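Visitor: Chain residues, written in single-letter form:
Number of protein chains: 2
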Amino acid sequence: MTEVQTLTVNLGSRSYPIYIGEGILGQGKLIKSHSPGRQLVVISNEVVAPLYLESLLKGINQAEIETIILPDGEQYKSIATLENIFDQLLSAHCSRDVTLIALGGGVIGDITGFAAACYQRGVNFIQVPTTLLAQVDSSVGGKTGVNHPLGKNMIGAFHQPNCVIADTGTLKTLPPRELSAGLAEVVKYGLITDQPFFLWLEKNMPRLLKLEPDSITYAIEQSCRCKAQVVAADELEQSGQRALLNLGHTFGHAIETGLGYGKWLHGEAVACGMVMAAEFSARLGWIGAAQVKKVSALLASARLPVKVPKELSADRFLELMALDKKVKDGKLRLVLLKDIGKAILTDDVDLTLLHSTITELAQTD
Amino acid sequence: MTEVQTLTVNLGSRSYPIYIGEGILGQGKLIKSHSPGRQLVVISNEVVAPLYLESLLKGINQAEIETIILPDGEQYKSIATLENIFDQLLSAHCSRDVTLIALGGGVIGDITGFAAACYQRGVNFIQVPTTLLAQVDSSVGGKTGVNHPLGKNMIGAFHQPNCVIADTGTLKTLPPRELSAGLAEVVKYGLITDQPFFLWLEKNMPRLLKLEPDSITYAIEQSCRCKAQVVAADELEQSGQRALLNLGHTFGHAIETGLGYGKWLHGEAVACGMVMAAEFSARLGWIGAAQVKKVSALLASARLPVKVPKELSADRFLELMALDKKVKDGKLRLVLLKDIGKAILTDDVDLTLLHSTITELAQTD
Numbered sequence: 015m016t017e018v019q020t021l022t023v024n025l026g027s028r029s030y031p032i033y034i035g036e037g038i039l040g041q042g043k044l045i046k047s048h049s050p051g052r053q054l055v056v057i058s059n060e061v062v063a064p065l066y067l068e069s070l071l072k073g074i075n076q077a078e079i080e081t082i083i084l085p086d087g088e089q090y091k092s093i094a095t096l097e098n099i100f101d102q103l104l105s106a107h108c109s110r111d112v113t114l115i116a117l118g119g120g121v122i123g124d125i126t127g128f129a130a131a132c133y134q135r136g137v138n139f140i141q142v143p144t145t146l147l148a149q150v151d152s153s154v155g156g157k158t159g160v161n162h163p164l165g166k167n168m169i170g171a172f173h174q175p176n177c178v179i180a181d182t183g184t185l186k187t188l189p190p191r192e193l194s195a196g197l198a199e200v201v202k203y204g205l206i207t208d209q210p211f212f213l214w215l216e217k218n219m220p221r222l223l224k225l226e227p228d229s230i231t232y233a234i235e236q237s238c239r240c241k242a243q244v245v246a247a248d249e250l251e252q253s254g255q256r257a258l259l260n261l262g263h264t265f266g267h268a269i270e271t272g273l274g275y276g277k278w279l280h281g282e283a284v285a286c287g288m289v290m291a292a293e294f295s296a297r298l299g300w301i302g303a304a305q306v307k308k309v310s311a312l313l314a315s316a317r318l319p320v321k322v323p324k325e326l327s328a329d330r331f332l333e334l335m336a337l338d339k340k341v342k343d344g345k346l347r348l349v350l351l352k353d354i355g356k357a358i359l360t361d362d363v364d365l366t367l368l369h370s371t372i373t374e375l376a377q378t379d
Numbered sequence: 015m016t017e018v019q020t021l022t023v024n025l026g027s028r029s030y031p032i033y034i035g036e037g038i039l040g041q042g043k044l045i046k047s048h049s050p051g052r053q054l055v056v057i058s059n060e061v062v063a064p065l066y067l068e069s070l071l072k073g074i075n076q077a078e079i080e081t082i083i084l085p086d087g088e089q090y091k092s093i094a095t096l097e098n099i100f101d102q103l104l105s106a107h108c109s110r111d112v113t114l115i116a117l118g119g120g121v122i123g124d125i126t127g128f129a130a131a132c133y134q135r136g137v138n139f140i141q142v143p144t145t146l147l148a149q150v151d152s153s154v155g156g157k158t159g160v161n162h163p164l165g166k167n168m169i170g171a172f173h174q175p176n177c178v179i180a181d182t183g184t185l186k187t188l189p190p191r192e193l194s195a196g197l198a199e200v201v202k203y204g205l206i207t208d209q210p211f212f213l214w215l216e217k218n219m220p221r222l223l224k225l226e227p228d229s230i231t232y233a234i235e236q237s238c239r240c241k242a243q244v245v246a247a248d249e250l251e252q253s254g255q256r257a258l259l260n261l262g263h264t265f266g267h268a269i270e271t272g273l274g275y276g277k278w279l280h281g282e283a284v285a286c287g288m289v290m291a292a293e294f295s296a297r298l299g300w301i302g303a304a305q306v307k308k309v310s311a312l313l314a315s316a317r318l319p320v321k322v323p324k325e326l327s328a329d330r331f332l333e334l335m336a337l338d339k340k341v342k343d344g345k346l347r348l349v350l351l352k353d354i355g356k357a358i359l360t361d362d363v364d365l366t367l368l369h370s371t372i373t374e375l376a377q378t379d
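If you're matching them up, the sequences are chains A and B in order. Here the working numbering is used: the first residue of the first sequence is 15, the next is one more, and so on. Here the working numbering is used: the first residue of the second sequence is 15, the next is one more, and so on.
If we strip away everything but chain A, and leave its shape as in the complex, we get (with noise of 0.2 angstroms):
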């Protein structure tokens, strides 16, 4: 039997473990112990379910089992999309003690924990991220929705699932490039909360790059610890707290929405959003260039994009940021660096600076 690794994110009565380790989506043991009704709908994409679904159902075992099989695809985050699961839904007869399964990346992550979330006010759910970037990141913390075309996740809840199971053997399967926008956020922990993390990075990279097991078990432990500590003191995202876990993420928001949804990956954007962030923390003296080069190095040897995208003018970016759920009474709010490991909001944000910043760095070949 494989080692499963076990995390809490203390959330009081809305606490939960994230179980981590090869193998384990199909120990029905977890899912069935935090599923308290008979009914079970399995929602995948038909990308992943080829590859897990047929696994994850024999594990569990259970009379009522349903499965909503999603195309595959950002673009398919939408309202629409989640009106299709609320019809399948309520034809199957589903009650309120039903637990959905997200069974995918991100993108099923969201939309299944928002359909729970809706779902006559509220069911269970279950996460069973199956990339690198739900595992580390948007399986944890409660985070749930879909897009607008006017903004990535406009539309959403805080919904806590009852467990997180993260199989490591599904990188196995994941394209090259995905596994690097999963380490982007990877490396975002590092910069927000834990310098040694960063300094383990640098050194361990490669091996991350070859899915040595030791070593992406502990990348993967590290950073849902990081996210369950900073989800668990801030659980609405109201004290600030929470929103360092966006470092990036405002630059990479423009660039996703700017590009059109689905032409850079989110980890992408955001690798490319923390060095824009880190280079207008170098610009206000916060951090020294060398810092700066260092994060765009690292992220470069993850296989990263680190430049600006030259289709995105200064004065667009700033419209797309504009739109940000960080602005706070009209005001554009920052996650910027004071060093590598630390990272801060700030609302006093010099627009002109910035405008100069983002024109520079896209000139820069």
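Hints were generated in silico from the structure; no laboratory data involved. Check the hints yourself; a few may be wrong.
No distinction is drawn between identical chains; accordingly, a pair holds when it is met within one copy or between any pair of copies.
Claimed, not checked - Pairs of lysine-lysine residues, derived as DSSO-like cross-links and limited to a Cα-Cα distance of at most 30 angstroms, are as follows:
1. K356 / K43
2. K43 / K345
3. K46 / K345
4. K43 / K308
5. K186 / K43
6. K217 / K356
7. K72 / K345
8. K217 / K46
9. K352 / K186
Being a predicted model, the structure only gives us computed values, none of them experimental.
Please build the complex by placing chain B on the supplied structure of chain A, with the hints as guidance.
Guide: Chain B in isolation, oriented as in the chain A frame:
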């Protein structure tokens, strides 16, 4: 200045006041003291807005106010309308510190509350109910949502308002049929927990129908007090206590869905549903025929329908009731009466007896 009655819904950090009084929707300070950001969006419909929007806006005198006017009717309590609201909020660059103000009846309150629950994962909202039904029931307690073709309120969230402003003056423009529909819920509170209030209603129904000020204020206060207590004891409908508020609703929802939304008003369907629940309770030997008659007579004196619509067969009733949110692990759960003033939730429902009870009620003239 009008006297304002204040009740509190005790929900820890989510506690909020209910203000009751004549002409209070124009008192801007109530709204201002409960909206933390500077952006306000009033959501109303094309029937209510011409009557009360101007007074409300005049009271606020705020810089950034948007208004969204929806068409009137339960058929617009849909995901499509929700999308329309999201489009307008995003186009107006509303950020996470926006406060949505629901000015209207239950449909406006439910859909505005759900929009507030989901917009950017949750923003503030204020209920300004303008129907009796909304003032005594739907605006209090945080249930929000929209309908689905396969069932009422199937998609939604628990999202508590920042405050409720119940202006009794708005009832003067309420169509008589809607006043009666609101009285159905008032009677419900007497039936489920408060026999003295039921007896008071038997004596004072004519005064309520004439909107005699002291009587109507007392009825609203007493109803809100009952609702606030039940909600405080069981915010998320988990312990079964809150489910008592659904007396008559499982039958009522079947009527509404079966006849098509909007044919009967919600309160009318609930009135008939309460008579059905009382009759079924009598068949179980829990209450006597005289008590059923008292229930039916009080509701009839409020000009409410107490006869089962002949268009719906008992088979169709049971089919629709099986879709109810109170179904748990495949078992129908019903709120029934042990006495006037004492409701209980049971999942021990004899479907054969229920079928014959409905069949016989439908044959009664």
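Visitor: The structure should be examined with respect to each hint, and the outcome stated for every one.
Guide: Evaluated hints:
For the identical chains of this complex, K356 and K43 are neighbours neither inside a copy (39 angstroms) nor across copies (42 angstroms), given an alpha-carbon limit of 30 angstroms. For the identical chains of this complex, K43 and K345 are inter-copy neighbours only, at 25 angstroms across copies versus 48 angstroms inside a copy, given an alpha-carbon limit of 30 angstroms. Taking identical chains as interchangeable, the C-alpha atoms of K46 and K345 lie at most 30 angstroms apart only when they sit on different chains, with a minimum of 20 angstroms there against 46 angstroms within one chain. Taking the shortest Cα distances, K43 and K308 never come within 30 angstroms of each other, neither inside one copy (44 angstroms) nor across copies (53 angstroms).
Within a single copy, K186 and K43 get their C-alpha atoms as close as 24 angstroms, which meets the 30 angstroms cut-off; across copies the closest is 60 angstroms, which misses it. When the C-alpha separation of K217 and K356 is checked against a cutoff of 30 angstroms, the pair qualifies only within one copy, where the shortest distance is 20 angstroms, while the shortest distance between copies is 69 angstroms. Taking CA atoms no more than 30 angstroms apart as the test, K72 paired with K345 passes between copies only; the shortest distance there is 27 angstroms, against 51 angstroms inside one copy. In the homo-oligomer, the alpha carbons of K217 and K46 never lie at most 30 angstroms apart, since the shortest distance is 39 angstroms inside one protomer and 55 angstroms across protomers.
Neither within a single protomer nor between protomers do K352 and K186 lie at most 30 angstroms apart by alpha-carbon distance, with minima of 36 angstroms and 61 angstroms respectively.
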